[in-house]
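Asks: Here the protein sequences come in this chain order: A and B. Numbering follows UniProt numbering, with no gaps: position 234 of the first sequence is 234. Numbering follows UniProt numbering, with no gaps: position 28 of the second sequence is 28.
Just so you know, the hints here were simulated from the structure itself, not pulled from any lab data. Remember, it's a predicted structure, so these values are computed and weren't measured experimentally. Cβ atoms here follow ideal geometry from the backbone N, Cα and C, with glycine treated the same way. Hints are not guaranteed to be accurate.
Unchecked claim - For each label pair, taking beta carbons as the anchor points, the in silico distance ranges come out as:
(1) R45(B) to A73(A): 17 to 23 Å
(2) Q135(B) to H95(A): 50 to 56 Å
(3) D123(B) to N261(A): 23 to 29 Å
(4) A324(A) to K28(B): 23 to 29 Å
(5) T81(B) to S122(A): 42 to 48 Å
(6) D123(B) to L142(A): 50 to 56 Å
(7) E114(A) to V23(B): 22 to 28 Å
(8) F80(B) to N143(A): 44 to 50 Å
(9) S132(B) to H95(A): 34 to 40 Å
(10) D123(B) to T127(A): 16 to 22 Å
(11) L133(B) to T127(A): 47 to 53 Å
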Amino acid sequence: MRTLVGLLTSNQALLQLEAARCLHELSHSEQSAVAEACLPATSYLLTYLSGHSSDFIELCLYTLGNLIVESEAVRRQLLPQGIVPALAACVQSPHVTVLEALGYALSQLLQAKEAPEKIIPSVLGSTLPQHMLQLLQPGPKLNFGVAVEFAWCLHYITCSQVNNALLITHGALSTLGLLLLDLAGAVQRTEDAGLELLACPVLRCLSNLLTEAAVGAVGEQMQLRDERVVAALFILLQFFLQKQPSLLPEGLWLLNNLTANSPSFCTSLLSLDLIEPLLQLLPVSNVVSLLVLTVLCNVAEKGPAYCQHLWPGPLLCSLLGTLAFSDTEVVGQSLELLQLLFLYRPEAAQAFLQQSGLQALERHEKEAQLQDRVHALQQTALHS
Amino acid sequence: MQLPPAVHARLAGGPGAAEPLPVERSPKAGAVPFRFTARQVRFPREHEFFEDGDVQRHLYLQDVLTQVAGAPERPRVPEFTCQVAGCCQVFDALEDYEHHYHTLHRNVCSFCKRAFPSGHLLDIHILEWHDSLFQILSERQNMYQCLVEGCTEKFKTSKDRKDHLVRRHLYPADFRFDKPKKNMSPATPRATVQVSAEALGAEGEQVEGDAMEVCSEPAGERHTAGRRIPPTICFGQGASRGFKSTKKRNKHQ
């Protein structure tokens, strides 16, 4: 290693490059002992990040990223060696390949188990957040590979709940919302299966950030209100259904967070005729059913004006279907929705009876978690 | 999943929020035995909800990293020579030339011709080695700045700075870009191997493996195809070693 570091720091440029390649090879080892053997090189790898040779910097970044993943001892050394300011300086690079490598290295650093206490605060205190968001802005300069890396970086930061309010003041909700619209547009045009790699972290960030905005820490202008987001989300849900059904829960999670406290977004679901498409997702899986039903409850609980648009319609029939599911949670959520529907739209209870609703309820009378609600609904239906 | 055409049209339209329908809740909604409350949900790190998406991310990265690791076939071009005055290095790939240029010719001190990996280190070098005002000021105030970007500490002496680099920033004691200023004496055939004080590790262990230490090359020294070892690399005790003459010398007593 001593020899390798000597070559890495020699003034023979080509030897330096080859030494860096050797280190990069070593960094792929899955043994943390090998990563730790590379410790003597890290101060130089960081120093070279402020250089200008883009291929070399890219190599150093991938090497650092790999070493970071493998060993906590490496991370413990890199932080006092100034990795965060070094990465922050790199983010100004005009080279797309460097930015992608930087995003990779940063995402590995942010994923470390000690990140919320030891790493994320200094990242948030640097200029990285603003630059990350700039690199996520849709437009002609958006590079997909770069955006993927930084979207994941942002996800690791937001789900750690360290200081999401700061991100919101930098316009994260607005940027990510616009990016979501852009993604939906791209999906419409190409159906490229790679787009979900970017969609996934964007959905996660938006969902988690929305919970911050609601706390009222943020001014009106920073909130997400654009109805196009709902349209975009459904276009992505349709895309997921065809290409990556495992991401449907993530998309529906966002839909829940958009609709839970927002009469406006609930109204959009109705005015854009999205209830029926939502119901088409029910058969996918129990997790998806549960989320769909939760979103529908979000709409129904807003009162009669909303339930008027839920019945007459395909909803009741779908609920009779979900009552036949064996999953207790799905059935439970169906019961919650029925309660809201019967409360705000009593005529629906009558139709329910006529469609053999009571029989559908009966099968769950003995289920401990469900029986109280089943009985309550039976009473309501009978008295309607 | 069929989407109504209004959805696509809406996406293409302008920003705006829907005028909300009136909200009117009954206290019976979600009342016992029911329990529904509309609420936003947040998922923390490591939640199993993220498992599927995380797996896809991992697979994507494996692909990317494999591509990066596989040395790409760098396009060869007809051989050309570095155009910097006095440098004769020859190249047949542009990436090699780019790295050579940035390493040897870009951040070069115009006083002593040493090359540095970054503008930042070059600036510090010029200040500390070639600025006489610096010497004067450093007698009264801490002028030796920490080399780590983001650290604003300054020190009275180069040694103090080194101690800081080692203790606070876990830098190696023989960090190549923090050599203390050498005493400027006219060219002497002295040893130029840098097995010197700062190369000694914390335990006083001599770093002999650094024999490959390259003395800073004056830019423009002879370099042909990188094969010949430049004369400025010195092994052992000095360039002046040569054959001992077999002739008897006159010994003065």
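Asks: If a hint holds in the structure, say so; if it doesn't, say that too.
Replies: Structure-based check of all given hints:
Hint check: R45(B) to A73(A), Cβ distance near 22 Å, so the stated range 17 to 23 Å holds. The hint said 50 to 56 Å for the Cβ distance between Q135(B) and H95(A), and at roughly 39 Å that hint is violated. The given range of 23 to 29 Å is broken by D123(B) and N261(A), whose C-beta atoms sit roughly 53 Å from each other. A hinted range of 23 to 29 Å for the beta carbons of A324(A) and K28(B) is consistent with their spacing of about 27 Å.
Between T81(B) and S122(A) the CB atoms are about 45 Å apart, so this pair conforms to the stated range of 42 to 48 Å. Separation of D123(B) from L142(A) is about 34 Å and departs from the stated range, judged on CB atoms against 50 to 56 Å. At roughly 44 Å, the beta carbons of E114(A) and V23(B) sit outside the given window of 22 to 28 Å. Distance hint for F80(B) and N143(A): a CB-CB separation of about 31 Å, inconsistent with the stated range 44 to 50 Å.
Look at S132(B) against H95(A): about 39 Å separates their beta carbons, and that is inside 34 to 40 Å. Checked against the given bound of 16 to 22 Å, the beta carbons of D123(B) and T127(A), roughly 20 Å apart, stay inside it. Distance hint check: the CB atoms of L133(B) and T127(A) are about 31 Å apart, inconsistent with the given range 47 to 53 Å.
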